[in-house]
Amino acid sequence: DTEVTQTPKHLVMGMTNKKSLKCEQHMGHRAMYWYKQKAKKPPELMFVYSYEKLSINESVPSRFSPECPNSSLLNLHLHALQPEDSALYLCASSQEGQGSYEQYFGPGTRLTVT
Amino acid sequence: AQSVAQPEDQVNVAEGNPLTVKCTYSVSGNPYLFWYVQYPNRGLQFLLKYITGDNLVKGSYGFEAEFNKSQTSFHLKKPSALVSDSALYFCAVRDIEDSNYQLIWGAGTKLIIKP
Numbered sequence: 063d064t065e066v067t068q069t070p071k072h073l074v075m076g077m078t079n080k081k082s083l084k085c086e087q088h089m090g091h092r093a094m095y096w097y098k099q100k101a102k103k104p105p106e107l108m109f110v111y112s113y114e115k116l117s118i119n120e121s122v123p124s125r126f127s128p129e130c131p132n133s134s135l136l137n138l139h140l141h142a143l144q145p146e147d148s149a150l151y152l153c154a155s156s157q158e159g160q161g162s163y164e165q166y167f168g169p170g171t172r173l174t175v176t
Numbered sequence: 009a010q011s012v013a014q015p016e017d018q019v020n021v022a023e024g025n026p027l028t029v030k031c032t033y034s035v036s037g038n039p040y041l042f043w044y045v046q047y048p049n050r051g052l053q054f055l056l057k058y059i060t061g062d063n064l065v066k067g068s069y070g071f072e073a074e075f076n077k078s079q080t081s082f083h084l085k086k087p088s089a090l091v092s093d094s095a096l097y098f099c100a101v102r103d104i105e106d107s108n109y110q111l112i113w114g115a116g117t118k119l120i121i122k123p
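Protein sequence lines, in the order shown, are assigned to chains A and B.
With our numbering, letter number 90 in the first sequence gets 152, and the count goes up by one each step, no holes.
With our numbering, letter number 41 in the second sequence gets 49, and the count goes up by one each step, no holes.
Careful, some of the hints might be misleading.
Unchecked claim - Computed beta-carbon distance windows for the label pairs:
| id | chain 1 | residue 1 | chain 2 | residue 2 | range |
| --- | --- | --- | --- | --- | --- |
| 1 | B | Gln18 | A | Gly161 | 29 to 37 Å |
| 2 | A | Lys102 | B | Tyr69 | 27 to 35 Å |
| 3 | B | Lys122 | A | Ser133 | 39 to 47 Å |
| 4 | A | Ala142 | B | Asp62 | 48 to 56 Å |
| 5 | A | Leu116 | B | Asn20 | 18 to 26 Å |
| 6 | B | Gly37 | A | Thr78 | 27 to 35 Å |
| 7 | A | Asn119 | B | Gln18 | 29 to 37 Å |
| 8 | A | Gly76 | B | Asp106 | 36 to 44 Å |
| 9 | A | Asn79 | B | Asn38 | 26 to 34 Å |
| 10 | A | Lys100 | B | Ser11 | 36 to 44 Å |
| 11 | A | Thr78 | B | Lys122 | 43 to 51 Å |
Said to hold, decoys possible - Calculated cross-link-like contacts (lysine to aspartate or glutamate; reagent style EDC-like; alpha-carbon spacing at most 20 Å):
| id | chain 1 | residue 1 | chain 2 | residue 2 |
| --- | --- | --- | --- | --- |
| 12 | A | Lys102 | B | Asp17 |
| 13 | A | Lys102 | B | Glu16 |
| 14 | A | Lys102 | B | Glu23 |
What the hints assert, rightly or not - To spell it out: a stretch of chain B is covered by chain A in this simulated footprint if at least three of its residues, at any positions, have a beta carbon under 8 Å from a beta carbon of chain A; those stretches are:
| id | stretch |
| --- | --- |
| 15 | 45-55 |
| 16 | 73-84 |
It is worth saying that the hints were derived from the structure and are not from the lab.
Ideal Cβ placement from N, Cα and C applies to all residues, glycine included.
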């Protein structure tokens, strides 16, 4: 099973709202990722967690706040977003060992900021 | 600097014909190479990878790719295209020395298979 789940599928929020995106994997993968993707463009890396510790923060604005409560869960907390933050937010995970370095992606959350 | 080039924004192929989607890369060390596919309004699906070993790798849905170290290429191929193969394809590379697991992505190639 190579499934990564994400909730919600769609989210519409105002610029003053606070919301959270959730991601879950049960493959025992040691690394988890958040990406932002604009239409027809490659995904842009936002954050990487390795063994539940944040290892990369790609200069992402503080209005995005990641959290890794345990090895299976990854959250992305959103606050005071801007309309340009509207995008598809993808979660991914990878095993990082035993010949397995590919990332498996969830279906994404389509975020619209109004 | 590390980079991935997908020289074609779009590739058009008739159903039943062979298809090739091109990818070349530049990394400072040895590469891990990947192909992903994205259908409209969907997440990215892993297709295949080259880590080590045989230069010809096979993946999902009948796709294959050949790692060519001298040409720094990793072209995606399929012997007989299906209309359902129409999607956006991304090539990605990672330097095996990169402990941060970062993928460098190509810009993507839109594949259109015509009946």
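Taking the hints in turn, this is what the structure says about them:
1. Range check, Gln18(B) to Gly161(A): Cβ separation about 33 Å, and the 29 to 37 Å hint holds.
2. Hint check: Lys102(A) to Tyr69(B), Cβ distance near 21 Å, so the stated range 27 to 35 Å is violated.
3. Range check, Lys122(B) to Ser133(A): about 46 Å between beta-carbon atoms, so the 39 to 47 Å window is met.
4. The beta-carbon spacing between Ala142(A) and Asp62(B), approximately 51 Å, falls within the hinted interval of 48 to 56 Å.
5. The beta-carbon spacing between Leu116(A) and Asn20(B), approximately 43 Å, falls outside the hinted interval of 18 to 26 Å.
6. Taking the beta carbon of each, Gly37(B) and Thr78(A) are about 46 Å apart, not inside 27 to 35 Å as hinted.
7. Asn119(A) and Gln18(B) have their C-beta atoms about 35 Å apart, which keeps the hinted 29 to 37 Å range intact.
8. Taken as a hint, the range 36 to 44 Å holds for the pair Gly76(A) and Asp106(B), whose Cβ atoms sit roughly 38 Å apart.
9. Checking the proposed 26 to 34 Å range against Asn79(A) and Asn38(B) shows it is violated: the Cβ atoms sit about 45 Å from each other.
10. Restraint check, Lys100(A) to Ser11(B): a C-beta distance of roughly 19 Å breaks the suggested window 36 to 44 Å.
11. A hinted range of 43 to 51 Å holds for the C-beta pair Thr78(A) and Lys122(B), which are about 48 Å apart.
12. At most 20 Å may separate the alpha-carbon atoms for a hinted pair to count; Lys102(A) and Asp17(B) meet this at roughly 10 Å.
13. Under the criterion of a C-alpha separation no larger than 20 Å, the hint pairing Lys102(A) with Glu16(B) is consistent with the structure, at around 14 Å.
14. Distance restraint check for Lys102(A) and Glu23(B): the Cα-Cα separation of roughly 23 Å exceeds the 20 Å cut-off, and the hinted pair is therefore not satisfied.
15. Three residues within the 8 Å Cβ limit are the bar, and the stretch 45-55 of chain B against chain A gives 6, so the coverage statement holds.
16. Judged by the Cβ-Cβ criterion of 8 Å, the stretch 73-84 of chain B is not covered by chain A as claimed, because only 0 of its residues qualify and three are needed.
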